[in-house]
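Novice: Could you put together the complete structure from these sequences and hints?
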Amino acid sequence: MISQFFVLSQRGDSIVFRDYRGEVQKGSSEIFFRKVKFWKEDEEGEAPPVFNVDGVNYFHVKVVGLLFVATTRINVSPSLILELLQRIARVIKDYLGTLNEDSLRKNFVLVYELLDEVIDFGYVQRTSTEMLKSYVYNEPVVVLDAARLSPHGRAAIFTQGTKRMPGTAVTKSVVANDPGGRKREEIFVDIIEKISVTFSSSGYILTSEIDGTILMKSYLTGNPEIRLALNEDLSIGRGGRSIYDYGNSSGSGAVIQDDCNFHESVHLDSFDLDRTLHLVPSDGEFPVMNYRMTQEFKPPFHINTLIEEAGALRAEVIIKVRAEFSSSIIANTIIIQMPLPKYTTRVSFELEPGAVGQTTDFKEANKRLEWGLKKIVGGFEHTLRAKLTFPQESHGNIARESGLVSMTFTIPMYNASRLQVKYLQIAKKSKTYNPYRWVRYVTQSNSYVARI
Amino acid sequence: MIRGLALRSLCSLRVANLVEYLVGPLGLGLKDSNSYVRMVAAIGVLKLYHISVSTCVDADFPAMLKHLMLHDPDAQVVANCLSALQEIWSLEASSSEEASRDRETLLSKPVIYYLLNRMKEFSEWAQCLVLELVVKYVPSESSEIFDIMNLLEDRLQHANGAVVLATIKLFLQLTLSMTDVHQQVYERIKAPLLTLVSSGSPEQSYAVLSHLHLLVMRAPMLFSSDYKHFYCQYNEPFYVKKLKLEMLTAVANESNTYEIVTELCEYAANVDIPIARESIRAVGKIALQQYDVNAIVDRLLQFLEMEKDYVTAETLVLVKDLLRKYPQWSHDCIAVVGNISTKNIQEPKAKAALIWMLGEYSQDMHDAPYILESLIDNWDDEHSAEVRLHLLTAVLKCFFKRPPETQKALGAALAAGLVDFHQYNVSVAERVVNPPKQAVSVFADTQNSEIKDRIFDEFNTLSVVYQKGQNLQITLFQLRGLEANDKDLLLGTSEKEESRGPINNGSEYSAPMYDGSSVSMAASQTQAELTISNPTLPAHASSLAIDDLLGLGLPVASTPVPSPPPLKLNAKAGLDPGTFQQKWRQLPIASSQEYSLSPQGVVALTAPQALLRHMQGHSIHCIASGGKSPNFKFFFFAQKAEESSTFLVECIINTSSSKSQIKIKADDQSTSQAFSDLFQSALSKFGMP
Chain A
1 MISQFFVLSQ RGDSIVFRDY RGEVQKGSSE IFFRKVKFWK EDEEGEAPPV FNVDGVNYFH
61 VKVVGLLFVA TTRINVSPSL ILELLQRIAR VIKDYLGTLN EDSLRKNFVL VYELLDEVID
121 FGYVQRTSTE MLKSYVYNEP VVVLDAARLS PHGRAAIFTQ GTKRMPGTAV TKSVVANDPG
181 GRKREEIFVD IIEKISVTFS SSGYILTSEI DGTILMKSYL TGNPEIRLAL NEDLSIGRGG
241 RSIYDYGNSS GSGAVIQDDC NFHESVHLDS FDLDRTLHLV PSDGEFPVMN YRMTQEFKPP
301 FHINTLIEEA GALRAEVIIK VRAEFSSSII ANTIIIQMPL PKYTTRVSFE LEPGAVGQTT
361 DFKEANKRLE WGLKKIVGGF EHTLRAKLTF PQESHGNIAR ESGLVSMTFT IPMYNASRLQ
421 VKYLQIAKKS KTYNPYRWVR YVTQSNSYVA RI
Chain B
1 MIRGLALRSL CSLRVANLVE YLVGPLGLGL KDSNSYVRMV AAIGVLKLYH ISVSTCVDAD
61 FPAMLKHLML HDPDAQVVAN CLSALQEIWS LEASSSEEAS RDRETLLSKP VIYYLLNRMK
121 EFSEWAQCLV LELVVKYVPS ESSEIFDIMN LLEDRLQHAN GAVVLATIKL FLQLTLSMTD
181 VHQQVYERIK APLLTLVSSG SPEQSYAVLS HLHLLVMRAP MLFSSDYKHF YCQYNEPFYV
241 KKLKLEMLTA VANESNTYEI VTELCEYAAN VDIPIARESI RAVGKIALQQ YDVNAIVDRL
301 LQFLEMEKDY VTAETLVLVK DLLRKYPQWS HDCIAVVGNI STKNIQEPKA KAALIWMLGE
361 YSQDMHDAPY ILESLIDNWD DEHSAEVRLH LLTAVLKCFF KRPPETQKAL GAALAAGLVD
421 FHQYNVSVAE RVVNPPKQAV SVFADTQNSE IKDRIFDEFN TLSVVYQKGQ NLQITLFQLR
481 GLEANDKDLL LGTSEKEESR GPINNGSEYS APMYDGSSVS MAASQTQAEL TISNPTLPAH
541 ASSLAIDDLL GLGLPVASTP VPSPPPLKLN AKAGLDPGTF QQKWRQLPIA SSQEYSLSPQ
601 GVVALTAPQA LLRHMQGHSI HCIASGGKSP NFKFFFFAQK AEESSTFLVE CIINTSSSKS
661 QIKIKADDQS TSQAFSDLFQ SALSKFGMP
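Protein sequences, first through last, are from chains A and B. Numbered per the UniProt record's numbering, the first sequence finishes at 452, counting up by one with no gaps. Numbered per the UniProt record's numbering, the second sequence finishes at 689, counting up by one with no gaps.
Hints in this document: simulated from the structure, not taken from any laboratory. Take these hints with a grain of salt, some might be off.
Said to hold, decoys possible - What the simulated footprint calls covered on chain A by chain B, stretch by stretch (three residues with Cβ under 8 Å from a Cβ of chain B suffice, anywhere in the stretch; the number is not a length):
1. 24-31
2. 119-125
3. 262-274
4. 410-422
C-beta: ideal position from N, C-alpha, C; glycine also.
Specialist: Dropping the structure here:
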């Protein structure tokens, strides 16, 4: 049960404010924002998602720079409220196509209507886009999103597949009709895996984990039933064996998930038998399945870092990155970062001869080396040499003074877990009914670091 | 649809005059053929209840809701009826017998089973609601428990964390009495929880991690093999990392300490300063848990060699604590500590720790006296009371061990210390000798198992995130309402207990805080030591030193001499806020009077703290205070010297009218008048020079 819900912009303006129960004073959004903004000064670090000021509990979730906040005076389940906030953000995004300050402001009538339907007197009513559709009538105002064209938007992680996929699809609103008038029948199934790997200084893998999601976004009319078949050798849970028992798992080739959970619309009747999921997709985007794996996998990149001291005033850092996947796959938007010793004054970079689409930068403010690569083709190796200059005699160990090498990347059409969608079957209404089906794989880095 | 919207708008108007127009439409709405309208009407009843209780009850709406709840085909209508009924009945329960009986029927077997059987129809949020309700249900036999658990098992695989946590709470509560099944439940819930941590947004994983933390506290063995899940990732927000570090400390045991500490050391070398600090503290905590101390001490000593200011500072504080617990490591540590230049350490806490070690182990450290001497030379640059105090005691300790070398330094230190008294006024001196108490920073450490159990009962609520029980939360909030920014006072009472121990109490973990009494205790203790250990010392020097020492202790000790009492109060009375509240509620008012303040008192009362200090001088302690000029409110308490009879006082002072209102409650009514006189005389002396 919540008392108020509001959305704040990055600057603290409240874009949307809805008071459900009138139990919390009006100025709560200012109190909240001041507390979050000055959290650093009072206590260490950032404000946690839940805190209490004068008996009012504030919950917040950050979504694309916006703060979604709920307040209440009673002792509720924190994860319920946090899940709810996340869900509200997703519903709004489903309706508006893109979620940002501009689109919220332009569609505030629709947003208020949504909020009234989602929550009544503090109690949650409906949060599925599908069901809300029958009660919400405002048409969204489509906001052309500049970010979509830039390489950072959500759509852009699939840029490699532009030929296969209409660029607008991911940011299309579920309720708005296409300008052409006819809705395109299509369904997207994205297998998104976030991988976390930590390499020790000698190049061994210390920890590795895959957090995967099968995300579905359906634009099908009539909500037909769908069958989604996964690898048959998929097994879930690992009986008595320790999770870190790498020894015998690698040879078998089976995909072993530690644990997974499913969306409520999924029927698991035949899952144990033939690994197929039956579901009636609701409109909008939702995760069909989340899974977690600690099974050993081949990391897509190997990072090699070498630090050579050349006299008291100089040192050279050599970073080598080798792509360990097949040459038909191309990774893109790769950024490699490494904090350098605080006393570094100047860095000069040396790329391989003939390097294209690579950028190097030394961020003076936080003494950080940044190496960006537009793409890496599988099987290739790239090297960066950075010459560091120090003002006076270097004190201490350079390796210890510089931090770990971290890497961010996306690899479309690649998944580390080898989980596959074997087929995607849509219950047919007629012979001619053949909607577009997109099954896309992508692997992203979550925390990909190498220690030195 | 339109009927529903109209009804909702009508109910949302919070105007009492319109109530009569609401009853009719609501009654119709509850019987409407469309589920949407019924759904809105159910919440509408609750809204009506909040506007006008009597209208709602007179129209017999609760009964209609109950009927609807048990028979409506639409799950969301059922859920809304349930939440409305729960709220109405729990508000009613205090006033009417019938409502509390009605509330009981919600927990009856047929209702619970009816709801459980429809579980899958409910939306995920309604599922949480029902699960919360089922938690309160007490099954009559164990087969029922298994039925419920089998039915709900698949809820653990739900993607919504709230549902999973609610299910877990139910399972854990159901199996509390069955130890072996309880363990199986732990095993079963482990994997879903870990998945929730890694699949959601950082905010969600924060909420789940807080629950994991609670579980780990109860069953550390359970997660000890999964410690790698709690390794931090470099892009996680601070609050998640901090929780993970706490988890790592909690799961550490003999078998995994080495790996965990290795990992923590990596964080310590990290460039992210707050996290580096936190991880060093975590290493220290693990060391204090007594696992594999040998390796940890080595690591800590390596930190000292890293030559990063903050690392050194944190580590010094830890090494000090470790040495108190494991004196056998002193030789290794001292060798390294001795090499640290005091110039590099700026943080008062670390400096104090270093000075403490210098004093404690001066016999092993060759140049300890000289380091101390140079520190004393810079006495005036040292603003932190803690450092000054440690410096004084350290020089003393050093003096007893190596008199000839330290004599000069001691003299200088005492002189400098005395200058503090003469040059500045007494309040500065008090700051030095009786530094402001710090609030206990780690609540979890002081948490006793009782509180933990209570939190466990409130699993899946905010209590878990705040790590405080609900009752405790409320007291804290109420008191905070009185004085939001002065946390010290709240915790001060409990801390005084800790600080009273002797300075060099080997087993004491928390940094000692000195007040006037402990300094004089130390002085008398060392005096005894002195006569035994240093018979060869020139009598003149030693007596001089002791004179000075007593001189140092006395000004403070002699100021708070209580007024000639027919009633003696305990100067060190302790009472925790909870007991205070409880007593305040129980006891009748013994005396209540108005009293005018002296004009001097009014002038001096610019801030509540001034009065507190004054009253403490009369052995009357404050538990909470607040307000801004001209209105102040105080809660005081005092204890009789011989027996544990307490007096509680509420004192409201208005400085503009120089009036004060005093309410006194006492365990022992017969002495309340005497206490009242004492309190007034103490109050009247306030502001007098």
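Novice: Check, residue by residue, whether the stretch 119-125 of chain A contains three or more positions whose beta-carbon lies closer than 8 Å to a beta-carbon of chain B, and give the verdict.
Specialist: n = 5 at 8 Å, threshold three: holds.
Novice: Please count how many residues of the stretch 262-274 of chain A have a CB within 8 Å of a CB from chain B and say whether that reaches 3.
Specialist: With 4 residues in contact (Cβ-Cβ under 8 Å with chain B), the coverage given for the stretch 262-274 of chain A holds.
Novice: Within the stretch 410-422 of chain A, is the number of residues with a Cβ closer than 8 Å to a Cβ of chain B three or more?
Specialist: With 0 residues closer than 8 Å to chain B, the stretch 410-422 of chain A misses the three-residue bar; violated.
Novice: Three residues or more, CB to CB closer than 8 Å: is that satisfied between the stretch 24-31 of chain A and chain B?
Specialist: Check failed, 0 qualifying residues.
Hints 1 and 4 from the earlier list are contradicted by this structure; the remaining hints agree with it.
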